[in-house]
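Going down the list, the protein sequences come from chains E and A. The first sequence lines up with residues -12 to 338 when you count with our numbering. The second sequence lines up with residues 34 to 507 when you count with our numbering.
Keep in mind that the hints were calculated from the coordinates and are not lab data. Treat the hints with care, since some could be wrong.
[To be verified] Just some of the chain A residues that point at chain E, by a computed CB distance under 7 Å:
1) M34
2) A76
3) L122
4) F125
5) N135
6) Q138
7) A141
8) W226
9) V244
10) T444
11) L445
12) A473
13) A486
[Said to hold, decoys possible] Partial selection, computed: residues in chain A whose CB lies under 8 Å from chain E:
14) S40
15) W77
16) S146
17) T148
18) F229
19) Y478
20) L493
Don't be surprised by glycine CBs; every beta carbon is placed ideally from N, CA and C.
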Amino acid sequence: MYPAHTWKAFLLMAALSLAAVTGWEWYCRYSGKELSYPNSKGFWAQQRRLLADDPTATVIIGSSRVQFGIDLDTWAQEMGRRPVQLSMEGSSPLPILSHLAQDPAFRGSLLVGVTPNLFFSPEQSRGGQKAAKLVAHYLQESPSQRLGNALNLALESRLVFLDEDQLGLDRFLEFVELPNREGVMTMPQWPYHFTTLTKHRQRNMSQAFLNSRQAQLQQLAVWRTFMGWEKQAPVLAGEGLARLFEQIRQDTEAIRSRGGRVLFVRMPSTGSYLAFEDARYPREAYWDQLLAKTGCKGYYFSDYPALSGFDCPEESHLTPADAKRFTRSLAEIIRSDKLPPIIVASKAQAP
Amino acid sequence: MLFNSLSFILLFILVLVLHYLPRLPWKIKKTNLLLASYLFYAAWNPPFVILLWISTLIDFFVGRRLYYVHGVAMRRLLLGLSLLGNLGLLAFFKYGGFLLDNFVQLLALGGISYTPAKPDIILPVGISFYTFQTLSYTLDIYRRNTTPEKNLLDFALYVTFFPQLVAGPIVRPDGLLPQFKEPKRAGLNQFFWGLFLLTLGLFMKIVLADVIMAGPSDQVFGAPQALNSLDAWVGVLAFSGQIFFDFAGYSTCAIGVAACLGFYLPDNFRYPYAAVGFSDFWQRWHISLSSWLRDYLYIPLGGNRKGPRLTYANLLFTMLIGGLWHGAAWTFVVWGGLHGLYLMAERLLRGAVQAPPWLKTGLAQFGLGLFTFFLVNITWVFFRAQDFSTAWRLLQSMFGFAPEGAKILYTLSILLVLTVVVLMVAAHWIMRRRSVLGVASQSPYWATGIGWAGMLLLILWAQKTSESFIYFQF
Chain E
-12 MYPAHTWKAF
-2 LLMAALSLAA
8 VTGWEWYCRY
18 SGKELSYPNS
28 KGFWAQQRRL
38 LADDPTATVI
48 IGSSRVQFGI
58 DLDTWAQEMG
68 RRPVQLSMEG
78 SSPLPILSHL
88 AQDPAFRGSL
98 LVGVTPNLFF
108 SPEQSRGGQK
118 AAKLVAHYLQ
128 ESPSQRLGNA
138 LNLALESRLV
148 FLDEDQLGLD
158 RFLEFVELPN
168 REGVMTMPQW
178 PYHFTTLTKH
188 RQRNMSQAFL
198 NSRQAQLQQL
208 AVWRTFMGWE
218 KQAPVLAGEG
228 LARLFEQIRQ
238 DTEAIRSRGG
248 RVLFVRMPST
258 GSYLAFEDAR
268 YPREAYWDQL
278 LAKTGCKGYY
288 FSDYPALSGF
298 DCPEESHLTP
308 ADAKRFTRSL
318 AEIIRSDKLP
328 PIIVASKAQA
338 P
Chain A
34 MLFNSLSFIL
44 LFILVLVLHY
54 LPRLPWKIKK
64 TNLLLASYLF
74 YAAWNPPFVI
84 LLWISTLIDF
94 FVGRRLYYVH
104 GVAMRRLLLG
114 LSLLGNLGLL
124 AFFKYGGFLL
134 DNFVQLLALG
144 GISYTPAKPD
154 IILPVGISFY
164 TFQTLSYTLD
174 IYRRNTTPEK
184 NLLDFALYVT
194 FFPQLVAGPI
204 VRPDGLLPQF
214 KEPKRAGLNQ
224 FFWGLFLLTL
234 GLFMKIVLAD
244 VIMAGPSDQV
254 FGAPQALNSL
264 DAWVGVLAFS
274 GQIFFDFAGY
284 STCAIGVAAC
294 LGFYLPDNFR
304 YPYAAVGFSD
314 FWQRWHISLS
324 SWLRDYLYIP
334 LGGNRKGPRL
344 TYANLLFTML
354 IGGLWHGAAW
364 TFVVWGGLHG
374 LYLMAERLLR
384 GAVQAPPWLK
394 TGLAQFGLGL
404 FTFFLVNITW
414 VFFRAQDFST
424 AWRLLQSMFG
434 FAPEGAKILY
444 TLSILLVLTV
454 VVLMVAAHWI
464 MRRRSVLGVA
474 SQSPYWATGI
484 GWAGMLLLIL
494 WAQKTSESFI
504 YFQF
């Protein structure tokens, strides 16, 4: 009834697959590709769950700049505790800020990265939706997804070829260059192996990227394409901006009322990227207003010599070495500010 | 739990180990399978296992009583109880919001403004599948086509058997319950054949449906503006491929997983895009649902026994219900209605026109097959579109009524979709009267082995492990 040779076909399949996978993994390592954790919603949710056991933890939210630019190990050395990294590249932190504000248990320190074009954007923006999906996944994650994510992490942290973001079939197809029809909006090509992600969700530029000026220029070209598209859309202002500030004020107030602390940080950017941001989001109308409306403390990189003067290879993110320096300096500045200690309420006292 | 997840692989390995442990009584092994099935289902949302228990208990006890009672009124009462229990749960969880929305709109037509609280109902995965499966048991007993199951464990396993629990095939009692009576273990070749089918199903789902077809389909159906004709057609063709590879992929996995355990599940797809006409299509697409609707709805309504008018009405009604089974939205009803109209037109033509001999040649049949595929694609527009305005906009784009429509798809996407669709239709046509089993039996082992390795490596390369199957939502 069943093909008589199926077991032989299975043995051949197993041998071929094992050989191919072993060769593939060896080739990836030989060619300098680095191990990287998957940048998945499940991984984000796993880190978010850490707050259940430690509601007074320091948490970082924002987009990729704080994920590259705050070195978690350095922060742990300076401040005594490793922060929980909940940032996500290309996203607005505001849905996550609201989510933490609504969690009555959370009363820790929140470091919020401000990348102007992502931060000062309406709720339904692409970046806002991306962060909202993370929160929704965390709230609705099924037991099966949790288990699957744990198994995925266990495998992907050991095998280089399983890096879906860099080595998956989808990514490979991006490199097949065929001319598109006139009028088709074409996404710019990202350089190969730009970043890696560690088990604490620390994002780093890969060594291959740091060694290749061509890759850095390619990434800069990607940012410039995005900037060009953004220039065609109006910036958030007027009533929309006022509503955004009011929402942030309510959220930060909720966290502070429980004894928590919210700090904003404007990470460094350079060159044409910085010029673009300064022109579209003038400091006095956005950053200064943010601090004035919320009453929170903020750190703008150019206000502090120790936080400025960095050379971002693609004008937007710090290298791993600079991230360490930046983090150490930021920690020193925060310490020197002698902010009032967080009032750690017991669970019973928490509202 | 998804077949394309590592958590399923872990559960499956555990189930296989327990299933093949020597000297373990069959009753214990069946209990293991039942517990694994509950775990499989609970992994989505643990409280919903209660729905399985309710369905199991109602039909087990109603079924027993129904068979031995002779009074017509009592039999109808018991049948009504089962229908109320099963369809009541389905109506509440799947159609509650839809009914409420339509009620509100009806009131609005009468000038009454009513804003109810938004019902926050989560749809239990696969509820339509297991509801129809348990209903077939009660209806068969009511019609005395089968005898009631005496063993609650076997019956619970029939309702819950994890390979086909959430997306079919919908198995009749006679097709599955007898298999639980004797110890089952797969022979060496059946076991590896099961693994082959599992790989084939995952390849269809992960590589073809998720990596190649899903992106262009989502882009086109999600576009807020009118599209260029080419883009619109490619998007719809991509969806026709996606839905086939997704759903047939699941069924293939289910059959493969069951085979590894020594069980047999019937085919649910027989190369539907090689269908010539719509009665042929429905004997090839989601066979377990179409035969269910035929046996438990169309024929009891009178089928084709009560004159042409009622036959057409029965056909249309059956397909409308089939549409509604897929989802609580009017777009699904229109999808079913179109299929009903196609079936009516086909029946009308067959009765009115004598087919000329040349129409039976291979080339003409192929042409008719392509025409059927074309009409099926029109129905997919309503099936996939979020609302009627999207469907209408897309149809206009497809048929050239939007000359300034936007171009959104990359050349690579277009080439990939068209290549896979052409290969898919060609493969369906070649395999029209064959089966994978038959082809594999005639192929040298090395060819099967190389093809198998190729599929597995592409699955690993694709690395998509978390995309849900489309039919889970039904």
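Quick one, is the F229 (chain A) hint okay against chain E at 8 Å, beta carbons?
holds, 7 Å
Holds or violated: is there a CB of chain E closer than 7 Å to the CB of L445 (chain A)?
It holds, given that the least Cβ distance between L445 (chain A) and chain E is near 5 Å, below 7 Å.
Is the interface hint for S146 (chain A) satisfied, with its Cβ closer than 8 Å to some Cβ of chain E?
violated, 27 Å
Does the interface hint hold: is Q138 (chain A) within less than 7 Å of chain E, judged Cβ to Cβ?
Given a least distance of 26 Å, the restraint on Q138 (chain A) is violated.
Quick check on A76 (chain A) please, does its C-beta sit within 7 Å of some C-beta on chain E?
Cβ of A76 (chain A) sits 3 Å from chain E, so the hint holds.
Was the hint right that W226 (chain A) lines chain E, CB cutoff 7 Å?
holds, 4 Å
Interface hint compliance - M34 (chain A) to chain E, C-beta minimum distance less than 7 Å:
At about 4 Å, which falls below the 7 Å cut-off, the nearest Cβ of chain E leaves the hint on M34 (chain A) intact, so it holds.
Restraint satisfaction for W77 (chain A) [CB to CB of chain E, less than 8 Å]:
Since chain E brings a Cβ to about 5 Å from W77 (chain A), closer than 8 Å, the hint holds.
Report holds or violated for the interface hint on S40 (chain A), using the least CB-CB distance to chain E and a cut-off of 8 Å.
This hint holds: S40 (chain A) lies near chain E, its Cβ roughly 4 Å from the closest one there, short of 8 Å.
Measuring from the C-beta of F125 (chain A) to each C-beta in chain E, is the shortest one below 7 Å?
Constraint on F125 (chain A) not satisfied, violated at 20 Å.
Close enough to count: is the Cβ of Y478 (chain A) nearer than 8 Å to one in chain E?
Result: holds, 4 Å to nearest chain E Cβ.
Holds or violated: A141 (chain A) as interface residue toward chain E, Cβ cutoff 7 Å?
violated, 27 Å
The structure does not agree with the numbered hints 3, 4, 5, 6, 7, 16 and 17 stated previously, though it agrees with the rest.
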